[in-house]
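Asker: Letter by letter, the chains look like this.
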Amino acid sequence: MKLITHNILQNNMKDGKKGYPLVLQATKIDKVIAEFNQEFLLRMLDRLEYHVLIHALEMIGMKDFLPIILPENCSEDEAFMKNLHHALLEIDIIEGELICPESGRKFPIKDGIPNMLLTDEEEMAVDSEPKSK
Amino acid sequence: MAFCKPSITSIDIANSNKLESEHVTSVYDSIAPHFSMTRYKPWPRVESFIQSLPHNSLVADLGCGNGKYLHINSTGITIGCDTCVNLLTLAKSSSPFLIQADTTNLPFSSNTFDAVISIAVIHHLSSEERRVEALKEMARVLIPGGRMLVYVWAMEQDKRTFATQDVLVPWRMKKASTETTEGNKIKKKKYRKKKLKNKVVKTGDIVYEANLDNLFGEDNFTFEIENISITNCKEDLEIINELEKVEEIENVVLEKEQTQLENTRDSFDTFMRYYHVFRENELRELVDKFVSEVRVIDSYYDHENWCVMAVKLADTS
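Residue numbers (full-length UniProt numbering), protein chains in the order written: chain A, 1 to 133; chain B, 1 to 317.
No wet-lab data here; the hints were simulated from the structure.
Certain hints may be false.
As the list claims (entries may be wrong) - According to the in silico footprint, chain A covers these stretches of chain B (three or more CB under 8 Å from chain A): (1) 87 to 93; (2) 108 to 118; (3) 293 to 307.
Claimed, not checked - No more than 25 Å apart at the CA atoms, straight line, and that leaves these computed lysine-lysine pairs for PhoX-like: (4) A:Lys-18 x A:Lys-110; (5) B:Lys-92 x A:Lys-14; (6) A:Lys-2 x B:Lys-92.
Positions of the beta carbon are idealized from the N, C-alpha and C atoms, including for glycine.
Please build the complete structure, drawing on both the sequences and the hints.
Answerer: And the structure:
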């Protein structure tokens, strides 16, 4: 699971509440190489939560990797963009857990794939409730 | 001798979750590699939908299966979701962005994706409420202006006839245990003897049609003997061999060589997949009626599916 994925994952709860951002605990992390695409990154920055990315990096022990506040005119900062690329797309969480900050519900990450399935009972509680951002 | 129109009777949808768990998720978990081998070619209109998206799009493939659409989005990223972990494992060669999730409860922030596709997925949901929930979830996670493309199996098909809209459709897979005699390729025939209520039945030369009304009673299967040859049936068009679902009381009893039999038959495992097949306009009407966040921009028939493309409106909150 890449951190771009973590950035958009949430636990839908009853009453339209959401568990976001999910706490990330990683026990196995890989680094992979992905093709750099600045236009994609800039397009995603509009809809990603930058502070959530910073927090996710902290949770996996990569503090100070990116500035805490998104720099202005970041598109002109090549070093920043490369680091952003690395953070979002090249860090791969292979084993670990995602934990809902509201309910404490744990979602395992196995073999790089988070399992976000709810049990039947949990699903019934969420059913037909609006899921707000 | 054998005709092979699927004869499928109605089922009472008493328990959606149990039905989907037994007749969708666990089936796909069992047949994943075989299913994957038969599902490698993207459908052209789905492919061109993805290619028509803005560059650098974030796309979700909801029910991605083995991931045949995940590599098409060349400048952006496609996140693949499926409930079936065995299919996701096969999809790993196509994408590093995979999530095990249910299409009726997407674990994503709202207003996130440029596009979502749901190709041959929500016909596996066993109530209208769940199908609507899935459509609403697709709309929710789209950005305003984002597009969704949904394919569902059509009731109106040339090769298949459905007695009702809620059906169990067999997936047949050659048994791993089928042995081939070296040289002349004549196959051994295996006999299995099973006790079912008071009946003793054999597999191998007869296919049985299950009475689907009794599918959920644990030991309550009844069978009508149809006397249809397996070898004359093609792919998933045949009637059902439900025997593998029945608890075996007596296992393999004898194995005979049938070398003089030219007309030998293979042995198959059959898995029953639940479908709600859609009538013409049904999918479009669900979107129009229940999913106010989007507007349908196209509706068509393709590869025996009814298809709807819709765009998320700008002024929804």
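Asker: With reference to the structure, classify each hint as holding or not holding.
Answerer: Consistency of the hints with the structure:
1. 87 to 93: It holds, with 3 qualifying residues against the three required.
2. 108 to 118: Contact hint for the stretch 108 to 118 of chain B vs chain A: holds, 5 residues under 8 Å.
3. 293 to 307: violated (count 0)
4. A:Lys-18 x A:Lys-110: The hint holds at about 23 Å.
5. B:Lys-92 x A:Lys-14: violated, 32 Å
6. A:Lys-2 x B:Lys-92: holds, 13 Å
In terms of the numbered hints stated before, the structure departs from hints 3, 5, listed from lowest to highest.
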